[in-house]
Amino acid sequence: MALLEVRDLSVTYSPRDSAAVRAVDRVSFEVHDGEFVGLLGESGCGKSTLGNAVLRLLDRPAAITGGTIRFDGQDVTTTPEDDLRSLRWVDLSTVFQSSMNSLNPVITVRRQFADTFEAHSDALGNDLDVDARATELLEMVSLDRSVLSRFPHELSGGMKQRVALALALALEPRFVLLDEPTTGLDVVVQRDILDRLRVLQARLGFAVLFISHDLGTVMELADRVMVMYAGEIVEDQPAAEMVTRHLHPYSAGLLGSYADPRDQVVEVEFIPGRPPDLSQPHAGCLFQPRCPVAVDACRTVHPELLPASLGQVRCLLVEQSGDARVVLEKAAELRRRDQVFAAGLSERADAEPVLVVDGVSKVYKTRRGLNTTLTQAVDDVSFALRPGQVTALVGQSGSGKTTIARILTGVERPTAGSVRFKDEPVDHLGRGALRKYRRHVQLVFQDPFSALNPTRTVAYALSRPLRNHLGLTGAEARARAAELLETVGLSPADQYLDKLPHQLSGGQRQRVVIARALAPEPEVVVADEPISMLDVSIRAEIIALLDQLVRDRGIAMLYITHDLLSARLLADEVMVLNQGVMVERGPTLDVIAEAKDPYTRKLLAAIPRPGARDIA
Amino acid sequence: MLYFVRRAGFFLATLWAAVTLNFLIPRLQPGDPAQAMLNRLQGETTAVNPAQLEAIRKLLGTPDGNLLSQYWDYLGAICTGHFGVSYSYFPYTVTAMISSALPWTLILVGVTQMLSFAIGTLLGAWAAYRRNSRVDSVITLGSTFVGTLPFFWLALLLIFVFAITLNWFPDGGGYGGGSSPSWTWLFVSDAFQHSVLPAVALLITGPIGWIIGMRNNMVQTLGEDYARLARAKGLPRRRIALTYGARIAILPNVTGFAIALGSLLGGTVLVETIFNYPGLGRLLLEAVSNKDYPLMQALFLFTTIGVLTANFLADVTYGFLDPRVRRAEAV
Ligand SMILES: Nc1ncnc2c1ncn2[C@@H]1O[C@H](COP(=O)(O)OP(=O)(O)O)[C@@H](O)[C@H]1O
Ligand code: SF4
Ligand SMILES: [Mg+2]
Chain A
1 MALLEVRDLS VTYSPRDSAA VRAVDRVSFE VHDGEFVGLL GESGCGKSTL GNAVLRLLDR
61 PAAITGGTIR FDGQDVTTTP EDDLRSLRWV DLSTVFQSSM NSLNPVITVR RQFADTFEAH
121 SDALGNDLDV DARATELLEM VSLDRSVLSR FPHELSGGMK QRVALALALA LEPRFVLLDE
181 PTTGLDVVVQ RDILDRLRVL QARLGFAVLF ISHDLGTVME LADRVMVMYA GEIVEDQPAA
241 EMVTRHLHPY SAGLLGSYAD PRDQVVEVEF IPGRPPDLSQ PHAGCLFQPR CPVAVDACRT
301 VHPELLPASL GQVRCLLVEQ SGDARVVLEK AAELRRRDQV FAAGLSERAD AEPVLVVDGV
361 SKVYKTRRGL NTTLTQAVDD VSFALRPGQV TALVGQSGSG KTTIARILTG VERPTAGSVR
421 FKDEPVDHLG RGALRKYRRH VQLVFQDPFS ALNPTRTVAY ALSRPLRNHL GLTGAEARAR
481 AAELLETVGL SPADQYLDKL PHQLSGGQRQ RVVIARALAP EPEVVVADEP ISMLDVSIRA
541 EIIALLDQLV RDRGIAMLYI THDLLSARLL ADEVMVLNQG VMVERGPTLD VIAEAKDPYT
601 RKLLAAIPRP GARDIA
Chain B
1 MLYFVRRAGF FLATLWAAVT LNFLIPRLQP GDPAQAMLNR LQGETTAVNP AQLEAIRKLL
61 GTPDGNLLSQ YWDYLGAICT GHFGVSYSYF PYTVTAMISS ALPWTLILVG VTQMLSFAIG
121 TLLGAWAAYR RNSRVDSVIT LGSTFVGTLP FFWLALLLIF VFAITLNWFP DGGGYGGGSS
181 PSWTWLFVSD AFQHSVLPAV ALLITGPIGW IIGMRNNMVQ TLGEDYARLA RAKGLPRRRI
241 ALTYGARIAI LPNVTGFAIA LGSLLGGTVL VETIFNYPGL GRLLLEAVSN KDYPLMQALF
301 LFTTIGVLTA NFLADVTYGF LDPRVRRAEA V
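As they're listed, the protein sequences go chains A and B. Residue numbers are given in full-length UniProt numbering: position 454 of the first sequence equals residue 454, and the series is strictly consecutive. Residue numbers are given in full-length UniProt numbering: position 103 of the second sequence equals residue 103, and the series is strictly consecutive.
Don't take each hint at face value.
Among the chain B residues that face chain A by a calculated CB cut under 8 Å, a handful are [unchecked claim]:
id, residue
1, GLY223
2, GLU224
3, TYR226
4, LEU229
5, ARG231
6, LYS233
7, LEU235
8, PRO236
9, ARG237
10, TYR244
11, ARG247
12, ILE248
13, PRO323
14, ARG324
Just so you know, these hints were derived from the structure itself, not from any lab. Ideal Cβ positions, reconstructed from N, Cα and C, are used throughout, including at glycine.
Excised from the complex, chain A in its bound form (with noise of 0.2 Å):
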């Protein structure tokens, strides 16, 4: 018997004000003793509904409206709260999907603990030493005990997610569900946390659900892996299965999305479109739409989720021909034809570089009562931007990447050092002259959600430059806009030019952001972080586009990330920055292949490859 098993559960938001939204639509999986599942698929695809329904805290406008939740045997589905509590975290614990939110704010790491141990002193007994318990959780996730007598606030990010891992390991369950635990963390800390995750469990021996839309980190951890897709599971199969003979044309599409840096040719696909409106109903297959091998017969019968290889699938073809190795071929050479992006080898020859940083250094001073302390945030840094060339920034978070930024676009001056572009020097440009500059040097920020003012229109968003920097106004402004709007790949124009922000999905917004950059006809475009928090299965489509741009319209790109496969997909040249100091800098290949700075090899190793726990 299964510790979990999930039969036909459906769940579905009623707003008051919008039509009713079935999120999660009769999904069937069990969890075993000590199995470690990941949930896999795009944000929206109802994971996180279907985690908050296992562990039954659903809140108003969801509700359960099918099937049956079963743990060790017991029909959980309907049990009244008062007689689940017995049940919580004794045997089914979890770490939410934005710890930074998860703990009490008002109350000291030591009393969540402690209130936790309280709740369960029938279990536990009344004499347990809070101290001494907690200290020896901490320690398990390397926390230091000084961590107890803190306040939320005073952790950072990675250590408060590691707090609320301890916590989900207190009582030691038998069940623990991991919603993304990691999302939003500087790579090297989730890499850190998520070895520990798996030292733990493979100690303890807990069961694990883990959901996440980042799949390199779900294949190498999982046992076995469930694909996700508009509320519907669509693959089924244990890892390895999954990684080299996966058979739903969805789960080939996300694992597409990654590749290993090192490989003399990289790769990488995606999906084009978004999941479907699950408050309509659909015939057929949910995937259609976005399907490369869909058939005719895909438009009207809804596919069931079937045994396929070692586990199910979830599709017509694999239904009908099965031999699934055919499909996946016939799907690999259909995307290839206009979905990969690829970087290959080719060299480009040296154009006249348009900006040039010369032995740049930046001391910034604090004053804090009567000590004033210097950091030396950059620290004598050269390098030139060519057009048509991209250049990756790569480092830390405080490595002096964002300082560096800054001083290209002149919002902030050198203590040291030049920068020249073409024939002015910037750091010597009066207040007219440097509005005249900027509309030659403009920024894509990393946060899509808030670079746009959530109150105004694609339109007007777009049109801000067109008047500030190039005069245009009125229908001449909006034929630009949209024809801004076709060039980043939102077409037809109209359809967008009149949305609010929130109308648009998170890469729909990047590529708004980015149109709006290129609306004064900027030379030189500085990227921070453009493609962070985006879906992994876009990211790709906005590293394709960003490239295309660059090499049609001859800009100059500073691209700064710590995401070195994306780096070695766009970047020609790669320069690699710790404490303000340049510590690696070549062609990306070079770099990548040899890495020697040792930030650049953990973030290396930070990079998740499918399937590696097969191969160690």
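Start from chain A and add chain B with the ligands according to the hints.
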């Protein structure tokens, strides 16, 4: 700790600024402000006696006097409670007038404010605890409805029903006509009788804001991840509601409450006028309508000090309740 020292320093600095402004503003007028005021007074009445002149001089200064020594005298007068003689209640001093009115207001409005806050917070928390239930609807809709009624209308309705029609309570005043304030049982019970209707009026409208504020804050905090995690941890419902809901939701209300207490004087004018109650609010109204400048100035100074003190207390309590501000500011 640093947080509290800082707050105290800030409080003393603003207090000093307020007191000094109170001193400077009348003196910034051109000419001799005391003479100007005397002229105004003499236009309306016949006699201005020397004591009044002296009081006004002290308050407003002489045109040729040394500003610094005047300032010194003024500070001394404030510290010892010498605000001069009231013009409209001559020969009573301003201090005497204020100290006889103060207890009435403190007891009536102070007590009802605190009760309102307690009742409002409790009802709001209860509504949030039972959100989307019938209890919640009754509390939320009820308080929204009561909130739309004008205060004076409610007060007059109470007087009409309970004082005039049923004759259960007196229709106004602080105590019966024959008696005079003293600590006798008779007087106290009489005063209590008189305070019932204004207190009820205040207690009907007072909690509304706290109810709605508390409910909305707490519904929000209970929806936060930490409250959901507490549920997942199997904490008892009540524990979650207190430590993960009410404890955090009450924070903004605490500041609001301290500020409301500080600006108590403004709110009392209406109720004391309607119920003809002998407190500070009515005193202020009379001071204004009689152009009793010494009294007005003292009352304004009191109000300012009240608001500042309340803000200071709010900051201090907030610092105790919310570790985030305490440490964030200490950096
Ligand atoms: N409060 C809500 N009201 C209505 N629909 C919601 C609500 N929360 C989530 N949904 C819908 O449920 C679906 C699944 O969301 P979620 O479970 O958060 O997905 P995931 O965790 O895979 O990103 C989405 O389509 C989303 O639009
Ligand atoms: S059923 Fe058809 S549309 Fe759906 S995944 Fe299979 S081939 Fe594609
Ligand atoms: Mg989610």
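What are the numbers of the hints the structure violates, in ascending order? none
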